[in-house]
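**Student:** Note that the protein sequences, when read in sequence, are chains G and V.
To get my numbering, take the position in the first sequence, counting from 1, and add 575.
To get my numbering, take the position in the second sequence, counting from 1, and add 575.
What the hints contain is simulated information worked out from the structure, not anything from laboratory work.
Any given hint could turn out to be false.
Unchecked claim - No more than 16 Å apart at the CA atoms, straight line, and that leaves these computed lysine to aspartate or glutamate pairs for EDC-like: (1) G:894 <-> V:713; (2) V:647 <-> V:578; (3) V:669 <-> V:606; (4) V:919 <-> V:892; (5) V:894 <-> G:856; (6) G:919 <-> V:720; (7) G:735 <-> G:715; (8) V:919 <-> G:728; (9) V:641 <-> V:606; (10) G:773 <-> G:897; (11) G:919 <-> V:728; (12) G:901 <-> V:892; (13) G:993 <-> G:868; (14) G:644 <-> G:588; (15) G:927 <-> G:959; (16) V:901 <-> G:892; (17) G:585 <-> G:638; (18) G:580 <-> G:643; (19) G:901 <-> V:897; (20) V:773 <-> V:868; (21) G:926 <-> G:956; (22) V:857 <-> V:821; (23) G:926 <-> G:959; (24) G:708 <-> G:856; (25) V:919 <-> G:720; (26) V:926 <-> V:892; (27) G:875 <-> G:732; (28) V:901 <-> G:959; (29) V:641 <-> V:622; (30) G:927 <-> G:892.
Claimed, not checked - Interface residues of chain V toward chain G, partial, derived using beta-carbon atoms under 10 Å: (31) 756; (32) 803; (33) 804; (34) 808; (35) 838; (36) 898; (37) 926; (38) 929; (39) 931; (40) 944.
Note that CB positions come from ideal geometry on N, CA and C, so glycine has one too.
There are 2 protein chains.
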Amino acid sequence: MSELKGYKGKIRDFLTQNQVKVGDLIKITSELTFSGILMPRYESGDESHIVLKLKSGYNIGIEFEKIEKIEKIGQVEIGIKNSQTIEKNEKLPKILLLSTGGTIASKVDYRTGAVTPALSASELYEAVPEIAKIANVDAEVLFSEYSENLQPDHWLEIAKKVDSVADSDYTGIIIAHGTDTMHYSSAFLSFALSGFKKPITLVGSQRSSDRPSSDAALNLIAATKFLVNTESTGIFVVMHQNESDDTIACHFGTRVRKNHTSKRSAFQTVGAEPAFVVYEDKILKNAQKEFFDGNEYNPKINLDTRVALVKYHPGFDSKIIESLIKLQYRAIIFEGTGLGHVGKTMYDSIKKAQENGIFLGMTSQCIDGRVSMTVYESGRDLLDMGIIPLENLIPEVALVKAMWVLGNSDSYDDIKNKMLENYSSEFS
Amino acid sequence: MSELKGYKGKIRDFLTQNQVKVGDLIKITSELTFSGILMPRYESGDESHIVLKLKSGYNIGIEFEKIEKIEKIGQVEIGIKNSQTIEKNEKLPKILLLSTGGTIASKVDYRTGAVTPALSASELYEAVPEIAKIANVDAEVLFSEYSENLQPDHWLEIAKKVDSVADSDYTGIIIAHGTDTMHYSSAFLSFALSGFKKPITLVGSQRSSDRPSSDAALNLIAATKFLVNTESTGIFVVMHQNESDDTIACHFGTRVRKNHTSKRSAFQTVGAEPAFVVYEDKILKNAQKEFFDGNEYNPKINLDTRVALVKYHPGFDSKIIESLIKLQYRAIIFEGTGLGHVGKTMYDSIKKAQENGIFLGMTSQCIDGRVSMTVYESGRDLLDMGIIPLENLIPEVALVKAMWVLGNSDSYDDIKNKMLENYSSEFS
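Extracted from the complex, chain G is given alone in its bound form (with noise of 0.2 Å):
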């Protein structure tokens, strides 16, 4: 360990000579002057700042070149703190807290310095205190994997785990999760959880919390005013709306994509505004109609993973088709170029999968906009040869849900029925 973990040079010099050291509470005279405690920098920190936690949890960097003084002016006991210390306020409503892993659940010590990736659910709630005066948390750690680890499997096993408390007395569910494979994630509980009475939030962090502008804390918070506050039951993924800190975006699950590596406002929302926006204390709607399509909760916690997702491109080879055909795949979702087309050079393999009974949707690789299928002569060629089109379906979603569907379904007619099924917004 090490008292200025992660500063290096005149800025490690300037500290030691100030008797600062990480976790100490200092002041610093700059342009402005800051309160809060010194946090410590990690190899990818840039090494012209430095950073500091201020009291309302959020992390800022400041350029050392403009320091004019910095002074320690206490240590305090912050961030994590003993689970007995966060005092329940049983009049509150009750939320679950689960937690997956993910950046979001990066733990950052401040005596050590150290970076655990595995923070527990309860520590997540308890370092950011702000929750514990909206709502009644419990947590729970259901595993902790960065999502790009993350399997079909882990989907089922967080359906699972929701479901198990579909009767219980919580208000609402945050699931804590990384944001590599959020979406993918939201998109199969919005399928398996049809219909489920309480809403849902998964929420992430593009920014680990010994970063400046961490936005773990306020996603978090945000998430739980809309849980404790909203009408609407549902599956969405909250996150920053823009790069303010002002507005967090709450999401459908099926129809929001990352659309940005780094951003902290990486997730939007495909062709339309957010479904709600959490602004101060203040819910906003936006969504013109109900997260799911029927009333009635009908869990279907099941799926086949023999889908693949297959971007056409020119010199796209069709024997990869004819793999997917030996390798007893048994639906292919195209992502299609503009209205939804593949070239005349896959038309063989297509008609051979075809005659092997796989199902064949089409999106598009433009992301947004509908497919449409009967403006030109390829879309109608290949709606000739079977392929279903998609509608505005994100291609990610219609992989899950593709799965979702082979997992719950036998026959052709009824995969392709309830592929074109609308069950929670994935259509819009």
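On the provided structure of chain G, position chain V as indicated by the hints.
**Tutor:** This is chain V only, laid out in the frame that chain G set:
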């Protein structure tokens, strides 16, 4: 042939009553008054509008219910003129217009109402007579294909044709192209013709000329204005910037993507403003740098299509990677999640691909933003396995670039170096 092609029911009765037919010059009094040619309608058209081609070349749909009066005011020779009618002004700059097909090259015959998919390059030019006032155009048909049917061999054909006029007195080149894969073609030309000394524009249209608000004419006119006025060289995709007709965007051919199935503004520069915008007669510049990194024209018109684009998702079957190894692929471009990740379940097959000397490059399915593989454990694992992070290359561009690099390199190290070298603004 029908004199009221496509018009049905009460609209048809109304037109018959008023003795107007397709091809007539008519005046319609509605909320405003419009004069223009009555256009035919087609299958996919809605049934509540009458479509008029205005003098400006712009098509509008007028809501039937709001029409107060319709009258025939003449019959005109318009649209497809005979080539002899366009007078060339030898003082204007010379432009070469190559037609490859697509919606932009779909022809409506005003007399018969039929839509013919092949509008020759010279007819295209003559259908937009405004161009003749800006430039002196030579027109040539290379082929007539909707762009979903274009293959890498077509890219080679276009590149060779363009290369053949490298030393001519043309000021610039317009390539009329279908929109489905226009961004793949623009990427290939950007690499194959690196350093080409004249500006090249690829121009498409999202709505064929028989539909209200066709964008064909405006995009062609803007491309011509751009070519004769710009000081820049480079490969540009020229399409509507937004849903108005005020501004047409010129996108760098390696930083553009079709992001909507049907909007006229479907093409967007990823993560930035378009390089140039044509607004009336002005060319506004956003680009901060020149398109080509080098100054020398050094054409390399070769490719090898043994490249797969693999979009990772939860449940992705690593057997697909093994199929690619068997099919003797030489490169795999991953569309990873988030900052450039794939799940641990892929590691064994990735190692095997690496052992087989396959080039493995990483992009992100987020599309916008940069891959960064040192931040998380998963990224570092993949780096250790020899996956090469491709910065912020757009996945489709990475695919095309890999085809081009493989066509011009034999050694792994040379492939890797070329993939990371910036040739034509593919990195930003």
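**Student:** Each hint: holds or not?
**Tutor:** Here's how the hints hold up against the structure:
{"no.": "1", "hint": "G:894 <-> V:713", "result": "violated (41 Å)"}
{"no.": "2", "hint": "V:647 <-> V:578", "result": "holds (14 Å)"}
{"no.": "3", "hint": "V:669 <-> V:606", "result": "violated (43 Å)"}
{"no.": "4", "hint": "V:919 <-> V:892", "result": "holds (12 Å)"}
{"no.": "5", "hint": "V:894 <-> G:856", "result": "violated (49 Å)"}
{"no.": "6", "hint": "G:919 <-> V:720", "result": "holds (11 Å)"}
{"no.": "7", "hint": "G:735 <-> G:715", "result": "holds (14 Å)"}
{"no.": "8", "hint": "V:919 <-> G:728", "result": "holds (14 Å)"}
{"no.": "9", "hint": "V:641 <-> V:606", "result": "holds (7 Å)"}
{"no.": "10", "hint": "G:773 <-> G:897", "result": "violated (44 Å)"}
{"no.": "11", "hint": "G:919 <-> V:728", "result": "holds (14 Å)"}
{"no.": "12", "hint": "G:901 <-> V:892", "result": "holds (13 Å)"}
{"no.": "13", "hint": "G:993 <-> G:868", "result": "holds (13 Å)"}
{"no.": "14", "hint": "G:644 <-> G:588", "result": "holds (14 Å)"}
{"no.": "15", "hint": "G:927 <-> G:959", "result": "holds (14 Å)"}
{"no.": "16", "hint": "V:901 <-> G:892", "result": "holds (13 Å)"}
{"no.": "17", "hint": "G:585 <-> G:638", "result": "holds (13 Å)"}
{"no.": "18", "hint": "G:580 <-> G:643", "result": "violated (22 Å)"}
{"no.": "19", "hint": "G:901 <-> V:897", "result": "holds (13 Å)"}
{"no.": "20", "hint": "V:773 <-> V:868", "result": "holds (15 Å)"}
{"no.": "21", "hint": "G:926 <-> G:956", "result": "holds (11 Å)"}
{"no.": "22", "hint": "V:857 <-> V:821", "result": "holds (11 Å)"}
{"no.": "23", "hint": "G:926 <-> G:959", "result": "holds (10 Å)"}
{"no.": "24", "hint": "G:708 <-> G:856", "result": "holds (13 Å)"}
{"no.": "25", "hint": "V:919 <-> G:720", "result": "holds (11 Å)"}
{"no.": "26", "hint": "V:926 <-> V:892", "result": "holds (15 Å)"}
{"no.": "27", "hint": "G:875 <-> G:732", "result": "holds (13 Å)"}
{"no.": "28", "hint": "V:901 <-> G:959", "result": "violated (32 Å)"}
{"no.": "29", "hint": "V:641 <-> V:622", "result": "holds (14 Å)"}
{"no.": "30", "hint": "G:927 <-> G:892", "result": "holds (15 Å)"}
{"no.": "31", "hint": "756", "result": "holds (5 Å)"}
{"no.": "32", "hint": "803", "result": "violated (30 Å)"}
{"no.": "33", "hint": "804", "result": "violated (30 Å)"}
{"no.": "34", "hint": "808", "result": "violated (25 Å)"}
{"no.": "35", "hint": "838", "result": "holds (7 Å)"}
{"no.": "36", "hint": "898", "result": "holds (4 Å)"}
{"no.": "37", "hint": "926", "result": "violated (17 Å)"}
{"no.": "38", "hint": "929", "result": "violated (19 Å)"}
{"no.": "39", "hint": "931", "result": "violated (16 Å)"}
{"no.": "40", "hint": "944", "result": "holds (3 Å)"}
Hints 1, 3, 5, 10, 18, 28, 32, 33, 34, 37, 38, 39 from the earlier list are contradicted by this structure; the remaining hints agree with it.
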